[in-house]
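Protein sequences appear in the order of chains D and V.
Going by UniProt numbering, 22 is the number at position 22 of the first sequence; the sequence numbering is gapless.
Going by UniProt numbering, 46 is the number at position 46 of the second sequence; the sequence numbering is gapless.
It should be emphasised that the hints constitute simulated quantities derived from the structure, not laboratory data.
This list has only true hints and no planted wrong ones.
Simulated crosslink set (EDC-like; lysine to aspartate or glutamate; CA at most 16 Å straight-line):
no., chain 1, residue 1, chain 2, residue 2
1, V, K83, D, E215
2, D, K221, V, D112
3, V, K12, V, D64
4, V, K239, V, E310
5, V, K204, V, E175
6, D, K59, D, E49
7, D, K304, V, E151
8, V, K34, V, E175
9, V, K91, V, E73
10, V, K239, V, D307
11, V, K81, D, E215
12, V, K34, V, D224
Computed from a predicted structure; not experimentally measured.
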Amino acid sequence: MFAYIVRRMLHMLLVVFVISLIIFFSIRLTGDPVSVMFSTGEASKEAIEAVRANLGLDKPLPVQYAIFIKGLLTFDFGESFRSGMPVTTLIMERAWATLSLALGGIVVAILIAFPVGILSAVKRGSGVDFFGRIFSLVGISFPNFWLGIMLILVFAVYLQWLPASGFDSFQHLILPSITLGMILSGILARLVRSSMLEVLNQQYISTAKSKGISEWSVIMKHGFRNALLPTVTFLGLQFGSLLGGTVIVEQVFSWPGIGTLIIDAINQRDYPVIQGGVIFLAIIMVVVNLLVDLSYTLIDPRIKTGKEA
Amino acid sequence: MDIKLLEVVNLKVGVNQDNKEIPIVNGISFHLNKGETLGIVGESGCGKSMTSLALMGLLPPGVDWQSGDIILEDMHFKNFKNKDWRSVRGKKISMIFQEPMSSLNPVYTVADQIMEIVLNHENVSKRQARVRALEMLKLVGIPRPEQVLDEYPHQLSGGMRQRIMIAIALACNPEILIADEPTTALDVTIQAQILELMKEIQEKLHMSIVLITHDLGVVAEMCDRVMVMYAGEIVEKAKVVDLFDSPKHPYTQGLLESLPDINKQMEYLSSIPGIVPAPGNMPIGCKFSPRCPFVHDRCSVNPPLFDTPEGTKVKCWLYEEASVKKEAVL
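Next up, chain D with everything else stripped away, as it sits in the complex (with noise of 0.2 Å):
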């Protein structure tokens, strides 16, 4: 178990480097942050050439890429070309944002399709099945842009119980965490009415009725426990798409999130931002994963870690 959390370490480590290289080149492809600076075309060419050392883009590539480098084994991404703030301090501004964002649109998620996949399933072919897998497709077609504004005008504007926009309180978490809850719960209910249906076909299934335990023992206990290992898997893939994909949800309700703090820096060449929140995403994504790889061999003891298959 050691060894294999060890080695998927290196891999992470591998994965984060080759992703630094495709981030740091790619954006230099997008064009010249001073010249977005200097839109204006007021100024000289020797205060132009000024600001480009003084931010360091005059040094050859390989040398501008060790010096990300460099700051990348300390966490130090260095200053964003806008504000001057720290990227790190930037980021971390916005991680907890981010990070309860995507938590809590998980958490609505599960609430909403798990009774209701799981229900489907055991109904098959009845009306709650019916309304469940009608609920999936709204869920699934819905632009959550939409959602987000219904929900902040009955909510927020009629009903004035919880607040339109901003990040201050659990309170402020609610709305914005159903909005992308809602969504995902959709295409999560079909996988878990999907994996249950199989699961439930299987014979250790009539075994355990055949034990004579309850109904509900039957469908959680040995029916819900199998299929919760799609379920887990998919979940945390959405999870990492949840991290970096939800700036329509953040603008909609001012959510000062990592997404939009990206999508602005991209839009003024703000080469450290942009380098520091990509990095950051990507190794919240790579810890992600290994954290379900993990607990698979917690949900399925027939998967082992490395060679103690």
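Given chain D, work out where chain V should sit, using these hints.
Showing chain V alone in chain D's frame:
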């Protein structure tokens, strides 16, 4: 003497389609004595597995109990609610299945799976249940039982898994064990071991076995009495010796003829022409008549079960006279 333990009366099980009842098991009656092994034989689709599932109250969705009753002690299964069924399953009647590879839950240990049934039916502590689980593993002849308790199904062979299924089924000392093709998925040497084990335990625990199989060799080895099913009906009921010595029904004769004989030089195995008719598309009259070599005019009416002079029962017009003669003598 024979004590009647379980009685099945005119059991009809089937699907309802477009307001029409399509029977899969069509009004069968039989009984099971204490301590005996009753074989149910027939081709796939003859309703033998459905009969066993009806005994457990585990008919698949869409298949209904249409009429008839099953009586065990003073319980009438036709009136059973879910709760009543649960008190019978695993406690009075247990079942083992055809596929030992997939009939154990992969995510729980052997101990968990045996203890679950004990804790469900008996008021015992977890520790006592674990002691019982260990006893059961010893009873079914698992080597190094202490270790196996904490192992998972994937660590065990098919034969071991079937032994553990038997341990689970018998953990609460049921009166009846239903074994649905218990050895079909196992290789031949393991088959013999499992059958031997079932016989041994049956003697120790004095339980009755309902053995569902299409393997006539297994029937000869294990059973006291046999009933042959065809297209949802019982076509012949006999002591096992009588069935093999003088099979009466043309279908039974066909089944026995299709067995290879070690004393005869044969190029081809004989077979019964045609296939089992599908439920909902049954021939009129005797259901075997389209495949029967002795088919005649009377077969357009479905025959009842006739008694034969040997004391067996057979559902065929050919035995009507024998049956009448016997009644005349009485």
